[in-house]
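Student: Okay, here's what each chain looks like letter by letter:
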Amino acid sequence: MFGRIFYYKIKELMRSYWLIGWNFLFPLVLATAFYLGFGRMMTDDPEFFHTIPVGYIVSEDVTEENAAFLDVLAELTKEREDDVAVLKTTEYDDREAAIAAMNANRISGIYIIGADIETIVAKNSISASTLNQIVRTYENHATTLINIAKDHPESLQKAMDLLSEENTYIKEHTFQRETSAYMQYFYALLAMTALFSSWISTVILEGICANKSESGKRFEVSGAGKLSSIGAGLLAGLLLQCLSNTVVICYIEYVLKLSFGMPIWCVMLVTTLGSGVGISVGCLMGSLIKNPALLVVVPLAFSMVCSFFSGLMWGNIKQILEYHCPIVNRINPAALVTDCLYIRSTYGATPMYYQNLVILAAITVGAMLLSSLILRRRNYVSL
Amino acid sequence: MNEKVIQIDQLVKRYGENVAVDHFHLEVYDGEILGLLGPNGSGKTTTINCLLSLLQYDKGDIRIFGKEMRPEAYDIKNQIGVVMQNVAVVDTLNVYENVDFFCGLYVGDKKLRKQYVEEALEFTGLTDYKKYKPKKLSGGLLRRLNIACGIAHKPKLIIFDEPTVAVDPQSRNAILEGIKKMNRDGATVIYTSHYMEEVEELCSRIVIMDHGKNVANGTATELKATLMNRETIRIGLPEKTESVLQGLSEINHVYKVKIDGDDVVIKCDGGDHNLVHVLSYLTDQNVPFGRVSTELPTLNDVFLEITGKELRD
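Residue numbers (this note's numbering), protein chains in the order written: chain R, 100 to 482; chain P, 21 to 333.
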């Protein structure tokens with residue numbers, strides 16, 4: 100019985116235009132709109148880091164101090180913890196060859212290492228700033244060490260150790276993998292998509308509960324158990340929502356080529372929990388609401404309002420809420436989903452990440468328990 | 021007498037101050053087709069919803085197949101089929117899938133269910149429309165689909181709540197013939213309708229409800245026998261003299277004579293061969309007369325007599 104209801108509910112939902120429209124197509128359209136809106140900003144985003152190809156020429160007049168810069172370049176070509184190197188260097192014999200390579204976009208800039216270190220960049224860009232910053236930092240360190248050697252030669256070794264520990268070259272460019280700050284809009288979009296499942300729940304309940312529809316009456320006068328039937332329907336809804344989430348995630352990752360900064364399965368885990376919240380809260384709404392029009396409007400409003408407060412339309416709203424009313428961010432399922440994704444991509448699997456996952460799971464379980472208490476009432480005062 | 025399939029005792033259902041069902045009593049016997057009649061708001065649908073344990077009721081006892089009917093009485097529910105007043109199907113599933121889906125709520129065995137679904141489609145004449153979505157069906161076909169969904173699992177007790185509303189005469193005839201066949205095959209049927217001729221044709225017994233109460237119970241003939249007017253004779257009479265009218269009113273069983281345009285209407289409260297007696301009197305008196313017609317009382321007359329003629333909600 101459970102399997103048959105599950106099977107037919109899947110069929111029923113897959114043929115619903117509203118489900119295809121709102122839960123599958125709308126997020127894709129919105130993702131595309133975000134991409135078109137933020138696309139350039141995202142690739143120019145200072146946090147959106149790629150290894151910078153750079154050429155260098157060692158002049159004949161290179162000084163001993165500046166020759167040490169070659170060691171810095173060698174250090175920066177090594178991969179960091181996130182598997183991304185800061186620089187990819189190519190040595191050129193003469194300036195013309197290097198400039199030709201830069202004009203052909205094979206390298207972003209040129210270091211000419213001689214009595215001074217000259218930096219040539221093709222255009223103003225994040226890469227150009229980074230290349231300049233590397234030279235400035237090196238020169239600052241070199242000057243500092245020369246001065247210490249002159250004035251306090253006894254402290255030279257200690258200063259060198261400190262500068263080495265500081266590892267300024269790397270820290271000045273601590274890029275968190277390939278994730279842009281603008282990704283928060285896509286995280287909020289995923290949260291909205293996941294919460295659209297609340298709508299699926301109300302539709303499932305409409306077809307099963309006698310006080311909501313004629314087919315619900317037919318259902319309840321049958322020999323099928325009510326809670327198991329609802330369970331089968333909600334499971335079908337959750338499965339379809341997860342499919343919708345996967346489509347949107349893959350579209351963002353593989354078609355729009357925007358990295359989530361974490362393995363796909365992590366994104367799917369978080370959105371599945373978000374969908375679980377949507378399904379259970381939708382079930383609670385469906386168990387409380389009798390008016391057929393409200394069965395559509397309330398879950399839609401719930402999804403949109405939660406998404407708004409998680410920063411879907413205005414990125415700063417979450418910070419404002421965090422300052423004035425932090426509890427909203429702790430219980431808003433859309434904010435929890437976006438936070439989970441942000442934390443996982445930026446800081447990894449921290450305790451805060453797990454805490455948010457637990458809160459999402461707790462909301463799901465709580466709403467389901469409350470719904471089942473209401474829905475287990477097997478006959479009605481009025482129909 | 022056959023076994024009782026349904027027994028309702030002293031059923032009371034209130035909506036606030038309003039008493040929808042008022043100490044209603046009903047017995048339905050195995051193999052009969054019971055017509056449940058009543059004006060709008062008389063409590064028919066409320067009674068059916070209580071019977072099916074969809075509605076909570078304030079007082080009373082409902083037993084089906086000898087067992088107390090409760091919301092979780094799935095063994096009883098498995099033997100009941102319901103054809104709702106409004107079409108209750110899933111729009112996104114086609115005809116076959118709809119019947120299979122609802123039949124699947126009762127029948128787990130795949131092979132048996134397939135057979136039942138095919139039989140239900142054939143029974144309702146929907147075999148050629150298997151792949152059609154409900155929105156593509158005409159009103160009559162939709163009603164037939166509604167019936168197929170309610171009866172595919174071959175229930176022992178079937179409740180039809182106004183199944184022929186907005187159905188053309190051909191479809192209606194097919195539905196009524198189908199119900200008769202199901203009854204012949206052993207199903208007990210409760211049938212509610214506002215079409216008196218249907219009920220008269222179909223039902224072996226009739227219960228009339230009004231204001232939540234059982235106000236009449238019996239066969240169509242028994243109910244008609246409760247009426248004072250048993251025969252109405254209408255005669256075209258050019259000479260309506262006082263003496264002729266007086267003479268007509270003195271015929272045995274005639275209780276009322278009135279002029280209606282060119283005709284005289286004579287109402288009789290019983291007896292046999294009333295028309296012969298009236299025509300004999302006119303012939304004996306050399307009173308010329310034109311066209312003659314006679315009407316026996318209908319179930320509609322009984323219904324209006326019992327429930328009154330004032331408009332209901």
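It is worth saying that the hints were derived from the structure and are not from the lab.
Be aware that a few hints might be false.
Below, a list of computed lysine-lysine pairs in the BS3-like style, where the Cα atoms sit at most 25 Å apart [stated by the list, open to error]:
1. R/K325 x P/K24
2. R/K325 x P/K151
3. P/K153 x R/K110
4. P/K176 x R/K110
5. P/K287 x P/K260
6. P/K155 x R/K110
7. P/K130 x P/K79
8. R/K110 x P/K134
Under 8 Å between C-beta atoms, here's a sample of chain P residues computed to sit facing chain R [what the hints assert, rightly or not]:
9. N69
10. F121
11. G124
12. A186
Label pairs and their calculated CB-CB ranges [claimed, not checked]:
13. P/N106 x R/R475: 23 to 33 Å
14. R/L326 x P/G80: 54 to 64 Å
15. P/H45 x R/L482: 42 to 52 Å
16. R/I430 x P/H45: 47 to 57 Å
17. P/E139 x R/L326: 53 to 63 Å
18. R/V396 x P/E139: 37 to 47 Å
19. R/V396 x P/M248: 51 to 61 Å
20. R/V396 x P/G80: 52 to 62 Å
21. R/G465 x P/N106: 34 to 44 Å
22. R/Y106 x P/L316: 54 to 64 Å
In this text, all values refer to a predicted model and were calculated from it rather than measured experimentally.
Glycine is no exception: its CB is placed at the ideal position from the N, C-alpha and C atoms.
Student: Against this structure, judge whether each hint is valid.
Tutor: Checked hints:
| no. | hint | verdict |
| --- | --- | --- |
| 1 | R/K325 x P/K24 | violated, 28 Å |
| 2 | R/K325 x P/K151 | violated, 29 Å |
| 3 | P/K153 x R/K110 | holds, 13 Å |
| 4 | P/K176 x R/K110 | violated, 30 Å |
| 5 | P/K287 x P/K260 | holds, 16 Å |
| 6 | P/K155 x R/K110 | holds, 17 Å |
| 7 | P/K130 x P/K79 | violated, 41 Å |
| 8 | R/K110 x P/K134 | holds, 18 Å |
| 9 | N69 | holds, 6 Å |
| 10 | F121 | holds, 5 Å |
| 11 | G124 | holds, 4 Å |
| 12 | A186 | violated, 15 Å |
| 13 | P/N106 x R/R475: 23 to 33 Å | holds, 26 Å |
| 14 | R/L326 x P/G80: 54 to 64 Å | violated, 27 Å |
| 15 | P/H45 x R/L482: 42 to 52 Å | violated, 23 Å |
| 16 | R/I430 x P/H45: 47 to 57 Å | holds, 54 Å |
| 17 | P/E139 x R/L326: 53 to 63 Å | violated, 31 Å |
| 18 | R/V396 x P/E139: 37 to 47 Å | holds, 42 Å |
| 19 | R/V396 x P/M248: 51 to 61 Å | holds, 58 Å |
| 20 | R/V396 x P/G80: 52 to 62 Å | violated, 39 Å |
| 21 | R/G465 x P/N106: 34 to 44 Å | holds, 36 Å |
| 22 | R/Y106 x P/L316: 54 to 64 Å | holds, 56 Å |
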